[in-house]
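Build out the structure end to end from the sequences listed, making use of the hints.
The listed protein sequences derive, respectively, from chains Y and Z. Using our numbering, read the first sequence as starting at 1 and increasing by one per residue. Using our numbering, read the second sequence as starting at 1 and increasing by one per residue.
Rather than coming from a laboratory, the hints here were simulated on the basis of the structure. Mixed in with the good hints there might be a few duds.
To be verified - List time: in silico DSS-like cross-link candidates among lysine-lysine, alpha-carbon distance up to 30 Å: (1) Z/LYS849 - Y/LYS115; (2) Z/LYS16 - Y/LYS98; (3) Z/LYS413 - Y/LYS83; (4) Z/LYS46 - Z/LYS281; (5) Z/LYS812 - Z/LYS295; (6) Z/LYS849 - Y/LYS98; (7) Z/LYS404 - Y/LYS64; (8) Z/LYS566 - Y/LYS64; (9) Y/LYS120 - Z/LYS16; (10) Y/LYS120 - Z/LYS634; (11) Y/LYS64 - Z/LYS849; (12) Y/LYS216 - Z/LYS566; (13) Y/LYS28 - Y/LYS83; (14) Z/LYS477 - Y/LYS64; (15) Z/LYS413 - Z/LYS314; (16) Y/LYS115 - Z/LYS16; (17) Y/LYS83 - Z/LYS566; (18) Y/LYS216 - Y/LYS237.
Claimed, not checked - Here are the computed distance ranges between Cβ atoms for each label pair: (19) Y/ILE218 - Z/SER752: 24 to 30 Å; (20) Z/THR559 - Y/LYS120: 51 to 57 Å; (21) Z/THR559 - Y/THR233: 29 to 35 Å; (22) Y/THR59 - Z/THR602: 58 to 64 Å; (23) Z/MET668 - Y/THR59: 52 to 58 Å; (24) Z/THR559 - Y/ILE218: 32 to 38 Å.
A virtual CB, placed ideally from N, CA and C, is assigned to each residue, including glycine.
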Amino acid sequence: MEDEVLIIENLEKIYSGGVHAVRGVSFKVRKGESVAIIGSSGSGKSTVLRCINRLIEPTLGVIKLNGEVINNPLANVNEIRAKIGMVFQSFELFSHLKVLENITLGLRHVRGMNKEEAEKIALEVLERVDMLDRIDAYPGNLSGGQKQRVAIARSLAMHPEVILFDEPTSALDPELIGSVLQTIRGLADEGMTMVIVTHEINFARDVADRIIYMDKGIIAEEGPSDIIENPKTERLKEFLSAMDDE
Amino acid sequence: MLSKEERILGWYKIPKSSRILLIATTLVVIFLTPNLAEGYESTWNKIEIDSTDDYNAAVIDSNGDAWIFGDNGIIIHGEKMTNWSIVNSPIDEDILTAYSNEYMIAAAGENGTVIYKEIGSNEWFEKSADIQARINSIAINDMNEIIIVTDFGGIQILREEEWLEINSLTSENLYDITFEENRGLISGSSGLILGSEDNGLTWEIRETPGIISESEIVSIGFYKANRAYAITSNGQILKSTQEALTTTVGYSWTIKEIESENYTTSLNVNLTALEILSTTKILLAGDNGYVALSKDGGNIVTPQLLPDGFENQKINDIAMENAFRGIIVGNNGNVFYTENGGEDEPVGFEVIDLSNFSEFVDFTKDNLWEGLKSTIKIVIFGILLGFFLGIILAMCKTAPTTLKQMIESDLEKTLVLFWLAIPTSILFTRDSGIGLGIFTFLTIIGITILLDYYINKNNTDSEGFLGILIPNNHRNKVIRLLGLSLLIGMPISEEWGFDGGAELIYSALNDFHDFQLGSDTPKLSAQLGYIFAPIGDPSAFFRLIIGIGLTYLGILFLTVNGSFSKKTLFAGKLFVVVILWSIILTELFVDFNINNFEFSITNLMKYLLILGLGLFMTRKIIPAFSWTGVELKKYNITIDPWSLRPLNSLATLYTDFFRNTPLLVQFMFIHFGVQLGKHIQNIGIDVTDDLTMISSHLGPLDSLFSPMIDYVSESLFGPGKRSYLSAIFALGLNSAAYQCETIRGAIAAIPSGQMEAGRSIGLTYMGTMRLIILPQAIRICIPPLGNEMVNLVLNSSLASVIAYTELTRQGKLVVAITFQIFWTWGMVMIAYFVVTWTLALLLRRLEEKTRIPGLGISGGN
Ligand SMILES: Nc1ncnc2c1ncn2[C@@H]1O[C@H](COP(=O)(O)OP(=O)(O)OP(=O)(O)O)[C@@H](O)[C@H]1O
Ligand SMILES: [Mg+2]
Chain Y
1 MEDEVLIIEN LEKIYSGGVH AVRGVSFKVR KGESVAIIGS SGSGKSTVLR
51 CINRLIEPTL GVIKLNGEVI NNPLANVNEI RAKIGMVFQS FELFSHLKVL
101 ENITLGLRHV RGMNKEEAEK IALEVLERVD MLDRIDAYPG NLSGGQKQRV
151 AIARSLAMHP EVILFDEPTS ALDPELIGSV LQTIRGLADE GMTMVIVTHE
201 INFARDVADR IIYMDKGIIA EEGPSDIIEN PKTERLKEFL SAMDDE
Chain Z
1 MLSKEERILG WYKIPKSSRI LLIATTLVVI FLTPNLAEGY ESTWNKIEID
51 STDDYNAAVI DSNGDAWIFG DNGIIIHGEK MTNWSIVNSP IDEDILTAYS
101 NEYMIAAAGE NGTVIYKEIG SNEWFEKSAD IQARINSIAI NDMNEIIIVT
151 DFGGIQILRE EEWLEINSLT SENLYDITFE ENRGLISGSS GLILGSEDNG
201 LTWEIRETPG IISESEIVSI GFYKANRAYA ITSNGQILKS TQEALTTTVG
251 YSWTIKEIES ENYTTSLNVN LTALEILSTT KILLAGDNGY VALSKDGGNI
301 VTPQLLPDGF ENQKINDIAM ENAFRGIIVG NNGNVFYTEN GGEDEPVGFE
351 VIDLSNFSEF VDFTKDNLWE GLKSTIKIVI FGILLGFFLG IILAMCKTAP
401 TTLKQMIESD LEKTLVLFWL AIPTSILFTR DSGIGLGIFT FLTIIGITIL
451 LDYYINKNNT DSEGFLGILI PNNHRNKVIR LLGLSLLIGM PISEEWGFDG
501 GAELIYSALN DFHDFQLGSD TPKLSAQLGY IFAPIGDPSA FFRLIIGIGL
551 TYLGILFLTV NGSFSKKTLF AGKLFVVVIL WSIILTELFV DFNINNFEFS
601 ITNLMKYLLI LGLGLFMTRK IIPAFSWTGV ELKKYNITID PWSLRPLNSL
651 ATLYTDFFRN TPLLVQFMFI HFGVQLGKHI QNIGIDVTDD LTMISSHLGP
701 LDSLFSPMID YVSESLFGPG KRSYLSAIFA LGLNSAAYQC ETIRGAIAAI
751 PSGQMEAGRS IGLTYMGTMR LIILPQAIRI CIPPLGNEMV NLVLNSSLAS
801 VIAYTELTRQ GKLVVAITFQ IFWTWGMVMI AYFVVTWTLA LLLRRLEEKT
851 RIPGLGISGG N
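In structure tokens, the structure reads:
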């Protein structure tokens, strides 16, 4: 179909140590859709995300971006990655560069823009994440929430087809989570295609168009956001009640 | 304080490209500055004597008076070498030669003329020989008898007022004669040297190197009883030392390879006179005003200046009272006097009192300053070389390019490498030496990488090579073909084919075996000599290494099936055990004979120790030994041959080698063994020649370029620059190994997420390295790199062993001249401290300036 940005078919990953982290996962992400992946620790959520932008190589399966197979050795990983944004749990800002430079780096060296063009775009995206006031700060001098917003801006700047979030709020203090979630919600409203791995069940329910529940390397349940209210499988029920206890 | 941007004048105002240019220019200027101060003047002073005759000979007698002899029988007396006067001569024939000992002076010349006088008396006596020939040389033996030599092998001795002829066994022309106690030496044409051990009564022919068989040995001389030198009219220097206790000096002669003449054997001047000042210090003179001093037995010969206006005058003889004070005489009434061994001195020299500290400092500071400059030069370039090489090595070590990746995603590049670069390099290695091969290899790799980069700009991770892709269904076939060609090589023809891995290993092992370094028994301990085989035939060693590498790759590629999986060696551990034990058992029991076995404690201990060691190493496997198939599986070895990282292995080999050998030995190996400086110098001279040739076609521009080329070439590749080049490389190559480890550690300390983040915005691996990882890693390693740099400065003192005149060697020289040990070494130490301390302070400041705000615990804010 035309509007399917991302198609994952039968993805499997066996790590070199022998851990079978993902055992046949298939799903599709439509344009403008935000998909949340939830599941207990070790269920293979990060592995799926990292396979998608080829930070690791899947053992089996096919990943298509805009209809093109991207996981074969001949595909150009750099081009693919530039089209797929990634936001990490631990921010991974470039600590030797100022906020503004963190964002212009990719524009200048991957997109080949000059300094002025790049800075113009950088200021635009920084405005979207509400970080305009700290453009000259070094990442080491930012709060966790600010760092994560800069990281989101960094992937936004590259105009990706899809942004992958790997637990964007787990490393944050509770009072800082709000601002980051706010930013992500804003992106969803603007129609950004997103895959979000998260432990924030409520956030997933509010923001995601679809929720995927993973358990032990497979998709145990999948559906629109109301599966949180009415889980069909026992496993998801257990998982949700365990989350509530926390 | 103003910020960087606000300052009107400042480093950061200069555009980046100009900054790089500025730094580069500064470095070039430092690199090229001459090692010694210019502006020298001669220490030979013209003596004015009222005569313009040609002077042929000079001696200084035991009173310190100089005597000069010349054409028309002229005799000049220089009382204490200060009062010069012409004295009455009993003859008017040209006098050509003179000699003195403690009792008398003798001189001789044309038509058999001989005159002599006793020291103390003022009267010259004539006692000419009854010959018409010219006397080439005269000498006085231990019994105060005069001996003369002439052309066609003529020798005569004046014994009891009668000239006696002596059999010389030769009809060659005899040019010089000299005595040391009762031992005499005569030199002549066709490389002839005669020796006598009995005050000149009988002579025998001494052996000389074949290379001088055409040369005329014009002068010969002893230094006491322990050294003798001779020179030829072709500019060669001969040396004789005492070979064994039973022989004396003058028996065997070797020709000097003159370092300052690029290790050739000739100075390229017509030498006429030789004066030996000490065991290693000799003064030489020749045509066209050539006077030169060597302080190391003819290794480095330094020409000296004659006073202005007299530069090209012919010098005929040298007479020195000691190593410093003496005269040279020549045509046209020229006599020059020195108190300084004739050594050129910097302009502005004055007589000084070395026991006065302020005068001592004044005297030595130039030397030490020169030394310091030389030290700083090799240190700067050593550091730079080490740093760049270190970064490259560190990147090789951390590169994730496994064989699997090379074949899977970079098959096209790998093919180019193995099918083009390596064969070409091997081909050149075979024809014109290793250097050219390596150079070609690197050039090819460099050019292809550049090409690929420019064509595929941002897509360097994959997409084939230069846009060419091998289709999926043919990839395995191509890989197998590559494997086959690595194994068997490319047997195109005798001349153009090249060997595969198997052949390389075979021929290398064969060559090693020819050395016969081990004995016939298969015992390991009897074969230990083979660890030195690489030095016996380095090229075979390289062939072995390349061969092993190619064979490994060949077998691996040949068996590729597309899965790049791990391989299991069935019961591999058992094989290892069996091999281990067969080595142990051969070691202990081959050639074992119970009958003459010596049951000593040490012998038993040795056996028990080796057996015990073997049991210990195999303790986990032996007890569970069982021959059923199921059990054997327990001993499988799984290896992952595709996870080998070639770049990493090569870099590790390099760093391990340099970090496990002493720097002092590296210095000597690189300079004297490999002669790296010499090779670079030769290449440099070739390049200079080519450039001069090109420049000569440029018409008017030539006058601009050729002096520049000459200057650069002279200051980089001129005589005496070898140790400079070697020193830079020895320091740099060594330091690279250590800096590599530091940088590698710093790269490893950067969280892996940084690499992932860089890659996830689409940067290539190299791009992420350059823009994200290295900038952070270098900041981390500034303190340890600072230590390494300080070490490098201190290590640079070892360059003195290869005769590079840096600070330490200057110190040694100053001590040798002044004997002020405490002052000299104290000053040297202060100089080192100032340099390293400044460096440390600069680095500390650099560290502060580059610190990333908010990162790391620094104690400050
Ligand atoms: N590099 C690796 N090598 C080997 N095993 C790994 C590696 N990374 C993850 N694993 C294993 O794979 C499984 C899935 O890991 P993954 O990180 O995908 O889980 P996750 O769902 O993201 O968990 P969490 O919610 O804790 O982040 C885990 O059992 C983990 O131990
Ligand atoms: Mg995870």
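Hint-by-hint comparison with the structure:
1. Z/LYS849 - Y/LYS115: Cα-Cα ~24 Å, so holds.
2. Z/LYS16 - Y/LYS98: This hinted pair holds, its Cα atoms lying about 19 Å apart.
3. Z/LYS413 - Y/LYS83: It holds: about 26 Å lies between the C-alpha atoms, which stays within 30 Å.
4. Z/LYS46 - Z/LYS281: 23 Å, holds
5. Z/LYS812 - Z/LYS295: Roughly 14 Å between the alpha carbons, so the hint for Z/LYS812 and Z/LYS295 holds.
6. Z/LYS849 - Y/LYS98: 15 Å, holds
7. Z/LYS404 - Y/LYS64: 24 Å, holds
8. Z/LYS566 - Y/LYS64: Holds. Z/LYS566 to Y/LYS64 sits at ~29 Å (cutoff 30 Å).
9. Y/LYS120 - Z/LYS16: Roughly 22 Å separates the two Cα atoms, so the pair holds.
10. Y/LYS120 - Z/LYS634: Outside the cut-off at roughly 64 Å; violated.
11. Y/LYS64 - Z/LYS849: Given pair Y/LYS64, Z/LYS849 is violated - Cα atoms ~47 Å apart, limit 30 Å.
12. Y/LYS216 - Z/LYS566: 26 Å, holds
13. Y/LYS28 - Y/LYS83: Distance ~17 Å between Y/LYS28 and Y/LYS83 Cα, so the pair holds.
14. Z/LYS477 - Y/LYS64: Between Z/LYS477 and Y/LYS64 the Cα gap is close to 28 Å, so the pair holds against 30 Å.
15. Z/LYS413 - Z/LYS314: Status violated; Cα separation ~67 Å.
16. Y/LYS115 - Z/LYS16: 14 Å, holds
17. Y/LYS83 - Z/LYS566: 34 Å, violated
18. Y/LYS216 - Y/LYS237: At roughly 15 Å apart (the allowed maximum being 30 Å), Y/LYS237 and Y/LYS216 satisfy the hint.
19. Y/ILE218 - Z/SER752: 24 to 30 Å: With Cβ atoms ~27 Å apart, the hint holds.
20. Z/THR559 - Y/LYS120: 51 to 57 Å: With Cβ atoms ~55 Å apart, the hint holds.
21. Z/THR559 - Y/THR233: 29 to 35 Å: 46 Å, violated
22. Y/THR59 - Z/THR602: 58 to 64 Å: 59 Å, holds
23. Z/MET668 - Y/THR59: 52 to 58 Å: Hint holds: Cβ distance 55 Å, inside 52 to 58 Å.
24. Z/THR559 - Y/ILE218: 32 to 38 Å: 35 Å, holds
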